[in-house]
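From first to last, the protein sequence lines are chains Z, L, C and P.
Quick note: the first sequence uses this note's numbering, first residue 4, plus one each step.
Quick note: the second sequence uses this note's numbering, first residue 4, plus one each step.
Quick note: the third sequence uses this note's numbering, first residue 131, plus one each step.
Quick note: the fourth sequence uses this note's numbering, first residue 131, plus one each step.
Honestly, the hints are just simulated from the structure, not real lab data.
Here the structure is a predicted model, which is why all the values come from computation and not from measurement.
A couple of the hints might just be wrong.
Claimed, not checked - If you anchor each label on the Cβ, the simulated ranges turn out as follows:
#, chain 1, residue 1, chain 2, residue 2, range
1, Z, 71, C, 330, 55 to 63 Å
2, Z, 189, C, 324, 47 to 55 Å
3, P, 207, Z, 44, 38 to 46 Å
4, P, 209, L, 88, 30 to 38 Å
5, L, 205, C, 327, 56 to 64 Å
6, L, 139, P, 284, 32 to 40 Å
7, Z, 71, P, 344, 54 to 62 Å
What the hints assert, rightly or not - Examples of chain L residues toward chain P, derived with CB under 8 Å:
#, residue
8, 96
9, 97
10, 101
11, 118
12, 122
13, 190
14, 215
The beta-carbon is built from N, C-alpha and C at its ideal position, and this holds for glycine as well.
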Amino acid sequence: MTATICATAAEAVAGIEDGAVVLVSGFGMAGMPVELIEALIDQGATDLTVVSNNAGNGDTGLAALLATGRVRKVVCSFPRQHDSWVFDGLYRAGRIELELVPQGNLAERLRAAGAGIGAFFTPTGAGTPLAEGKETRELGGRTHVLELPIRGDVALVAAHRADRMGNLVYRKTARNFGPVMAAAAGTTIVQVRELVDTGDLDPEAVVTPGIYVDRVVVA
Amino acid sequence: MTATICATAAEAVAGIEDGAVVLVSGFGMAGMPVELIEALIDQGATDLTVVSNNAGNGDTGLAALLATGRVRKVVCSFPRQHDSWVFDGLYRAGRIELELVPQGNLAERLRAAGAGIGAFFTPTGAGTPLAEGKETRELGGRTHVLELPIRGDVALVAAHRADRMGNLVYRKTARNFGPVMAAAAGTTIVQVRELVDTGDLDPEAVVTPGIYVDRVVVA
Amino acid sequence: MSLGAGLSKAEMAALVARDIAPGSYVNLGIGQPTLVADHLAPGSGVVLHTENGMLNMGPAATGDQIDPDLTNAGKLPVTELPGASYFHQADSFAMMRGGHLDVCVLGAFQVSATGDLANWHTGAPDAIPAVGGAMDLATGAKSVFVMMTLFAKDGSPKLVPRCTYPLTGVGCVDRLYTDVATFEITPGGVVVRETFGTSYDELVGRLDVPLLRR
Amino acid sequence: MSLGAGLSKAEMAALVARDIAPGSYVNLGIGQPTLVADHLAPGSGVVLHTENGMLNMGPAATGDQIDPDLTNAGKLPVTELPGASYFHQADSFAMMRGGHLDVCVLGAFQVSATGDLANWHTGAPDAIPAVGGAMDLATGAKSVFVMMTLFAKDGSPKLVPRCTYPLTGVGCVDRLYTDVATFEITPGGVVVRETFGTSYDELVGRLDVPLLRR
Numbered sequence: 004m005t006a007t008i009c010a011t012a013a014e015a016v017a018g019i020e021d022g023a024v025v026l027v028s029g030f031g032m033a034g035m036p037v038e039l040i041e042a043l044i045d046q047g048a049t050d051l052t053v054v055s056n057n058a059g060n061g062d063t064g065l066a067a068l069l070a071t072g073r074v075r076k077v078v079c080s081f082p083r084q085h086d087s088w089v090f091d092g093l094y095r096a097g098r099i100e101l102e103l104v105p106q107g108n109l110a111e112r113l114r115a116a117g118a119g120i121g122a123f124f125t126p127t128g129a130g131t132p133l134a135e136g137k138e139t140r141e142l143g144g145r146t147h148v149l150e151l152p153i154r155g156d157v158a159l160v161a162a163h164r165a166d167r168m169g170n171l172v173y174r175k176t177a178r179n180f181g182p183v184m185a186a187a188a189g190t191t192i193v194q195v196r197e198l199v200d201t202g203d204l205d206p207e208a209v210v211t212p213g214i215y216v217d218r219v220v221v222a
Numbered sequence: 004m005t006a007t008i009c010a011t012a013a014e015a016v017a018g019i020e021d022g023a024v025v026l027v028s029g030f031g032m033a034g035m036p037v038e039l040i041e042a043l044i045d046q047g048a049t050d051l052t053v054v055s056n057n058a059g060n061g062d063t064g065l066a067a068l069l070a071t072g073r074v075r076k077v078v079c080s081f082p083r084q085h086d087s088w089v090f091d092g093l094y095r096a097g098r099i100e101l102e103l104v105p106q107g108n109l110a111e112r113l114r115a116a117g118a119g120i121g122a123f124f125t126p127t128g129a130g131t132p133l134a135e136g137k138e139t140r141e142l143g144g145r146t147h148v149l150e151l152p153i154r155g156d157v158a159l160v161a162a163h164r165a166d167r168m169g170n171l172v173y174r175k176t177a178r179n180f181g182p183v184m185a186a187a188a189g190t191t192i193v194q195v196r197e198l199v200d201t202g203d204l205d206p207e208a209v210v211t212p213g214i215y216v217d218r219v220v221v222a
Numbered sequence: 131m132s133l134g135a136g137l138s139k140a141e142m143a144a145l146v147a148r149d150i151a152p153g154s155y156v157n158l159g160i161g162q163p164t165l166v167a168d169h170l171a172p173g174s175g176v177v178l179h180t181e182n183g184m185l186n187m188g189p190a191a192t193g194d195q196i197d198p199d200l201t202n203a204g205k206l207p208v209t210e211l212p213g214a215s216y217f218h219q220a221d222s223f224a225m226m227r228g229g230h231l232d233v234c235v236l237g238a239f240q241v242s243a244t245g246d247l248a249n250w251h252t253g254a255p256d257a258i259p260a261v262g263g264a265m266d267l268a269t270g271a272k273s274v275f276v277m278m279t280l281f282a283k284d285g286s287p288k289l290v291p292r293c294t295y296p297l298t299g300v301g302c303v304d305r306l307y308t309d310v311a312t313f314e315i316t317p318g319g320v321v322v323r324e325t326f327g328t329s330y331d332e333l334v335g336r337l338d339v340p341l342l343r344r
Numbered sequence: 131m132s133l134g135a136g137l138s139k140a141e142m143a144a145l146v147a148r149d150i151a152p153g154s155y156v157n158l159g160i161g162q163p164t165l166v167a168d169h170l171a172p173g174s175g176v177v178l179h180t181e182n183g184m185l186n187m188g189p190a191a192t193g194d195q196i197d198p199d200l201t202n203a204g205k206l207p208v209t210e211l212p213g214a215s216y217f218h219q220a221d222s223f224a225m226m227r228g229g230h231l232d233v234c235v236l237g238a239f240q241v242s243a244t245g246d247l248a249n250w251h252t253g254a255p256d257a258i259p260a261v262g263g264a265m266d267l268a269t270g271a272k273s274v275f276v277m278m279t280l281f282a283k284d285g286s287p288k289l290v291p292r293c294t295y296p297l298t299g300v301g302c303v304d305r306l307y308t309d310v311a312t313f314e315i316t317p318g319g320v321v322v323r324e325t326f327g328t329s330y331d332e333l334v335g336r337l338d339v340p341l342l343r344r
């Protein structure tokens with residue numbers, strides 16, 4: 004169904020349920036949907052699983068969500084940053100679960116969910132602790148590990164511009180996880196800096212077609 | 004290694020070996036690298052396997068290559084077209100081998116080769132003759148089929164514009180198989196309508212980054 | 131026993147169009163299903179996908195509009211509507227296979243009582259097989275609608291207990307639109323939704339498939 | 131036994147840069163390996179990849195150049211060179227995992243005699259593990275170069291018969307650049323290429339790994 008343009012971030016995140024798996028775009032602060040995360044904090048859903056490359060910086064955005072204690076589990080590739088004190092404290096206190104995933108497996112598992120791939124074999128991680136307990140197979144003379152899709156109930160994505168059909172463009176390296184997460188979730192909620200008229204984006208340069216987008220808010 | 008700009012199509016296809024697996028972009032005539040195929044006909048490599056969505060139209064392009072009798076096998080999704088008489092004749096005479104692949108599996112197997120995926124499970128084709136003899140597995144309550152990458156020794160790709168680093172943009176639905184084939188071959192050879200200076204393509208709109216391109220010729 | 135005059139292809143296409151919700155993302159298979167586009171209500175906001183790599187495809191191109199770089203899945207020249215986007219084959223099929231299309235409309239040789247679809251190969255020994263994106267659409271779209279005549283030229287039914295032609299997909303068809311009736315394939319069986327120039331009882335007599343009334 | 135003054139970090143980076151062929155596509159890991167960029171010859175045409183989604187990354191951004199939407203894998207502001215391109219994470223890692231990068235340069239805690247790499251986790255029980263793209267780079271790049279001091283602060287060697295830290299990748303390291311020697315990890319064993327402020331014989335005495343002369 005074509006995307007809905009929402010008036011407020013609160014309207015955009017309405018209905019996110021307790022226990023939801025929430026995909027959150029961004030690499031550090033670049034591409035992080037800060038306003039949607041703040042709206043989710045206000046909205047109140049709890050017992051969440053958050054899938055994101057990092058586990059929050061400083062005290063805002065994802066870190067602020069973690070600080071509410073409403074995130075049960077984080078799935079990410081790089082939780083440890085110089086300013087990741089909120090996650091660090093929760094983790095050391097045993098108050099948050101961590102599934103550490105190599106960044107390429109994180110991206111590819113999200114893509115698999117969006118692309119209808121049931122599972123795939125990759126050499127990344129073979130022979131390391133992050134592949135322990137996983138099925139392996141020799142393919143082309145290399146050990147491969149079987150990895151499963153990561154599907155979100157909801158994706159919170161920051162993009163640069165949207166048109167009224169929900170087509171998206173991003174800006175520079177803030178693109179990062181946005182496109183794969185938009186395709187991997189049941190409901191994809193996008194904050195953009197600017198909403199333009201349908202027809203104002205170059206069809207050759209649209210990165211996320213509107214088919215993947217459910218709600219858009221300017222924030 | 005950064006791309007080489009070639010003066011002629013003959014120079015661009017030099018060195019393609021007998022027995023090579025050649026990926027050929029295009030969906031019908033849209034995106035078909037006709038000049039590169041003609042250069043390959045002149046170049047003389049034989050015993051080729053051609054991977055392409057179709058098996059040639061009329062008497063030019065891929066059809067002309069098939070007509071030389073130097074293609075041992077075609078891997079494609081849709082050989083039967085109203086004007087595919089060259090392939091039809093060879094096939095009925097038992098002079099060419101056909102591996103028929105659902106179009107999505109063709110695209111995804113090419114992508115897997117470019118992306119370092121050793122194999123993947125897909126529901127497409129499960130329970131049909133095109134999955135006969137293939138490994139299957141139940142995942143999420145659906146039967147999935149294990150599919151392997153399709154790698155090319157060479158890819159012949161038609162794009163719209165290149166810059167001098169080999170970054171490519173395509174035009175409309177002529178994009179089709181170009182980007183996945185460019186990434187899936189040992190040597191990727193691209194014909195473009197126009198060569199522009201490095202810096203003249205919008206970095207946000209580059210579809211095939213130059214890392215996937217070995218040789219470029221204006222044709 | 132004979133059936134009355136059924137629906138024309140255009141009438142069948144109109145029925146399918148009526149059942150596509152406004153704002154849906156839809157793929158119309160090559161051949162008959164492309165007629166559905168002509169019957170979508172203006173302003174319905176239905177977005178057409180073409181598997182060769184485009185969303186928001188417009189009507190067939192004519193005259194100066196014809197551009198060899200812009201074709202549909204049947205390789206015919208088409209146009210672009212505002213809000214269109216282009217993408218490569220792996221992305222286009224990811225869209226199809228990942229369950230993002232609301233509806234696809236396909237033709238068929240046969241549909242079985244459990245929703246198996248046969249539409250790519252007659253199995254004739256001299257036929258050149260060609261599958262294209264049929265299996266991906268049948269397997270991937272949220273709803274699979276099939277348009278076909280209910281009976282072959284020789285009078286044999288095309289809604290069958292079990293397909294005799296090679297399958298395209300297993301248990302994938304949701305709705306079947308034919309010239310004499312429309313059907314819903316449900317976990318409980320085949321439901322007759324509407325009949326045209328025939329009756330439920332007549333259909334029961336002609337088909338070897340248990341039929342439920344709506 | 132003591133080793134003479136070895137190379138500075140800048141000198142190690144210069145050695146790595148010397149071994150990168152003109153026109154190569156290269157990923158420089160976060161930390162020390164980023165220094166290599168400063169030593170690439172002008173006009174070498176080496177193209178830098180950053181795993182967060184960019185090719186042809188330029189030097190660090192300063193002053194007005196700083197743009198929060200343009201950072202490197204270490205989340206530091208960088209610049210864009212002509213011919214740059216941006217892509218999403220799955221495409222960026224497809225590039226890394228599909229064997230398209232000519233060289234990646236990584237730091238390490240330990241490298242084994244058979245090229246196993248340990249660079250993501252010390253295994254300390256209170257450490258917060260973080261892996262990022264290290265495993266993808268180690269597994270995917272055509273050539274994996276490692277830069278590290280040859281000995282830890284406690285004097286223990288970091289080129290070891292078998293890594294004791296958790297692995298990043300198995301048999302993936304091709305060349306090892308250290309402050310006192312450079313090594314090639316070959317199927318036949320570890321080859322000493324050059325020494326700095328030490329000798330082949332001294333290294334043989336300090337390392338528990340069989341060493342071949344070039």
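Verification of the hints:
The hinted range of 55 to 63 Å is satisfied by residue 71(Z) and residue 330(C), whose Cβ atoms lie roughly 58 Å apart. At roughly 32 Å, the beta-carbon separation of residue 189(Z) and residue 324(C) lies outside the given 47 to 55 Å, and the hint is violated. In this structure the hint that residue 207(P) and residue 44(Z) lie 38 to 46 Å apart at CB is violated, the actual value being about 28 Å. Checked against the hint of 30 to 38 Å, the C-beta distance between residue 209(P) and residue 88(L) comes to roughly 55 Å, which is inconsistent with it.
A hinted range of 56 to 64 Å holds for the C-beta pair residue 205(L) and residue 327(C), which are about 57 Å apart. With their beta carbons about 54 Å apart, residue 139(L) and residue 284(P) fall outside the hinted range of 32 to 40 Å. Roughly 59 Å separates the CB atoms of residue 71(Z) and residue 344(P), a value that falls within the hinted 54 to 62 Å. Given the 8 Å rule on beta carbons, the hint for residue 96(L) is violated: about 38 Å separates it from the nearest Cβ of chain P.
Restraint check, residue 97(L) versus chain P: the minimum CB separation of about 36 Å is more than 8 Å; hint violated. The closest approach between the C-beta of residue 101(L) and any C-beta of chain P is roughly 28 Å, which is over the 8 Å cut-off, so the hint fails. The closest approach between the C-beta of residue 118(L) and any C-beta of chain P is roughly 4 Å, which is under the 8 Å cut-off, so the hint is satisfied. A least Cβ separation of about 14 Å between residue 122(L) and chain P goes past the 8 Å threshold, and the interface hint is therefore violated.
At a threshold of 8 Å, the smallest CB-CB gap from residue 190(L) to chain P is about 13 Å, leaving the interface hint violated. The beta carbon of residue 215(L) is positioned within 8 Å of a beta carbon in chain P (closest approach about 7 Å), and the interface hint is therefore held.
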